[in-house]
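Number of protein chains: 2
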Amino acid sequence: MIQTPYLLFLGDAPDALSAKVAQGIKDWRPENAVGQFRMKGCGTTVGLTDMTLQEGLDAGAKTLVIGVANRGGVISAAWTKVLVEALEMGYDIASGLHNLLRDENEIQRAAKVHGGTLHDVRIPSVAYPIANGVKRTGKRCLAVGTDCSVGKMYTGLCMDAEMLKRGMKSTFRPTGQTGILITGGGVPLDAVIADFMAGAVEYLTPDNDDDHWDHIEGQGSLYHVSYSGVTMALIHGGQPDALVLCHEPTRKHMRGLPDYQQPSLEELRDTALLMARVANPACQVTGISINTQHMAEDEARAYIKEVEDRMGLPTTDPFRFGAERLVDALEAL
Amino acid sequence: MIQTPYLLFLGDAPDALSAKVAQGIKDWRPENAVGQFRMKGCGTTVGLTDMTLQEGLDAGAKTLVIGVANRGGVISAAWTKVLVEALEMGYDIASGLHNLLRDENEIQRAAKVHGGTLHDVRIPSVAYPIANGVKRTGKRCLAVGTDCSVGKMYTGLCMDAEMLKRGMKSTFRPTGQTGILITGGGVPLDAVIADFMAGAVEYLTPDNDDDHWDHIEGQGSLYHVSYSGVTMALIHGGQPDALVLCHEPTRKHMRGLPDYQQPSLEELRDTALLMARVANPACQVTGISINTQHMAEDEARAYIKEVEDRMGLPTTDPFRFGAERLVDALEAL
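Chains as they are written, first to last, in the numbering used here: chain P, 1 to 333; chain G, 334 to 666.
Keep in mind that the hints are not guaranteed to be accurate.
Stated by the list, open to error - Computed footprint of chain P on chain G; a stretch qualifies when at least three of its residues, placed anywhere within it, have a C-beta under 8 Å from a C-beta of chain P:
#1 443-452
#2 538-551
#3 559-566
#4 588-594
#5 606-620
Think of the hints as simulated: they come from the structure by calculation, not from any bench.
Please read all numbers here as calculations on a predicted model, not as lab measurements.
Where a beta carbon is used, it is the ideal one built from N, C-alpha and C, also for glycine.
All chains should be built: construct the whole structure from the sequences, respecting the hints.
In structure tokens:
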């Protein structure tokens with residue numbers, strides 16, 4: 001686990017898009033961030049108080065979190081200077097960058113000398129077991145998509161937030177680096193060795209109270225040939241009681257695969273349920289989450305209504321219109 | 334690729350079962366082995382000429398292949414002495430052991446000094462790409478099982494051998510360490526990082542002549558919750574034109590999962606075909622391979638006939654009764 005609260009490092013982020021990890025933390029776990037640290041040339045903000053490293057420490061920050069993508073995949077000399085200074089002052093550092101903190105000599109050395117921990121959350125830090133398939137207590141909901149990047153993480157976060165608002169027992173279980181940085185822990189599933197994928201998901205969602213819900217972050221798609229194996233491991237390791245189907249209606253083809261079309265929601269429903277019932281025969285499809293970010297509000301509402309009428313399942317864009325009905329369906333299970 | 338031919342190291346193998354890698358090489362690629370090397374205390378043979386390391390070299394051997402499992406997972410001092418001597422004489426060494434050759438200091442040092450290559454075939458040696466899903470030329474057959482360890486590798490090897498006997502163009506494509514040691518190359522799929530599984534299978538089975546068949550070694554099962562993600566990556570990365578269903582009828586439950594039953598052959602047929610057609614809409618189920626090793630001959634023949642009548646597909650135990658009919662079905666495609 002990454003120690004909270006964080007100071008969010010925005011570095012010299014040129015725009016909002018490059019700071020989406022920091023924005024995710026601000027949106028979903030504002031209590032995890034005491035402020036933001038911006039360098040000269042930073043062209044964006046996530047709306048938190050600007051702080052120096054010392055002010056962050058004084059406000060209680062334990063970890064400096066890289067909340068921004070690095071340009072050209074290089075950790076610059078200017079960044080390194082700040083990160084080394086943070087380690088000298090007693091911070092840990094957490095990063096989801098492709099380039100690892102531990103591969104930067106100066107940063108690695110400063111961490112050793114000053115006893116700071118470097119969290120490279122793209123790399124598993126645990127030797128996960130092989131899945132044993134034993135039925136676990138507690139309830140689990142998994143978001144599955146017609147494609148990659150259709151809003152599975154946001155769907156899980158929205159449902160978790162709605163449950164907590166209702167006083168229900170709920171935990172969001174991240175399986176990617178953004179989710180891990182938001183919550184402070186999880187499994188970077190796409191970096192796990194093949195034999196241990198399903199076991200890593202079992203590890204991520206252990207036995208729990210009978211009325212507790214885990215919202216497992218989905219990855220890939222059963223219909224995305226590059227990543228379907230990761231999705232399958234989530235379905236079998238996760239033993240979901242409930243599946244929420246996620247869809248982005250404006251996609252022209254499968255992400256990165258111009259020769260492949262998205263499946264229909266009916267196909268996804270039938271296939272995902274078939275596979276999920278191998279691990280949990282009681283599994284149900286309980287709702288549909290539509291990512292309407294590229295649609296006007298009228299168009300979005302009309303599309304959602306059409307899907308709901310056709311599929312006979314509670315349908316919404318939980319980020320835009322609220323997750324109430326998706327959570328109602330889980331409460332009714 | 335591992336340099337052939339091999340000298341097969343049987344070490345102090347107590348019995349035939351512990352020497353099954355060597356036996357596989359002897360059975361399937363006898364031209365790859367000049368002889369066997371046995372130590373004091375070896376209680377088995379694979380029926381090749383016993384040779385010293387020098388005799389192996391004189392017969393042309395390039396690589397000493399560990400054809401045996403090591404007791405208790407430890408590479409003993411007695412083994413190390415032989416392996417170091419082999420490196421000093423100019424051998425490469427190949428191993429599928431869990432303990433890596435490269436982690437043994439003396440062996441690693443001898444390899445460096447004498448310029449020998451250590452092949453730890455459980456560990457990928459290639460940075461595989463992410464799968465791009467682009468349709469490849471040539472034909473591919475994938476064995477899929479109702480469970481793990483039901484004879485998928487032997488099915489592929491039998492079909493490959495039958496095709497070569499007929500003068501057809503055919504290659505067996507190993508995805509596990511035994512197959513890799515038998516043929517000298519392949520992808521250790523269960524050790525590949527999740528994101529690159531399907532890409533590793535694409536890499537393993539590249540474009541080929543239109544009338545060439547790849548027989549891709551299957552792994553796991555869509556119905557085995559510990560390993561189903563690996564199977565899915567094979568189905569989508571492999572883009573099979575033909576699926577052969579593999580089944581072991583005497584299994585009481587899924588291997589290692591006492592609470593899980595095997596699916597029926599009908600369920601496996603429908604599910605595997607559904608998923609395979611995402612990557613290759615023309616895919617067909619062309620035959621059924623029954624592993625009858627625990628059945629008397631009468632019982633085996635009766636069972637095979639029952640399955641063939643029920644499923645309407647060519648059915649046999651290719652290792653016991655020949656792969657002719659399975660290959661006929663591929664020729665007829």
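Now the hints, each set against the structure:
| no. | hint | in the structure |
| --- | --- | --- |
| 1 | 443-452 | violated (count 0) |
| 2 | 538-551 | violated (count 0) |
| 3 | 559-566 | holds (count 8) |
| 4 | 588-594 | holds (count 4) |
| 5 | 606-620 | holds (count 4) |
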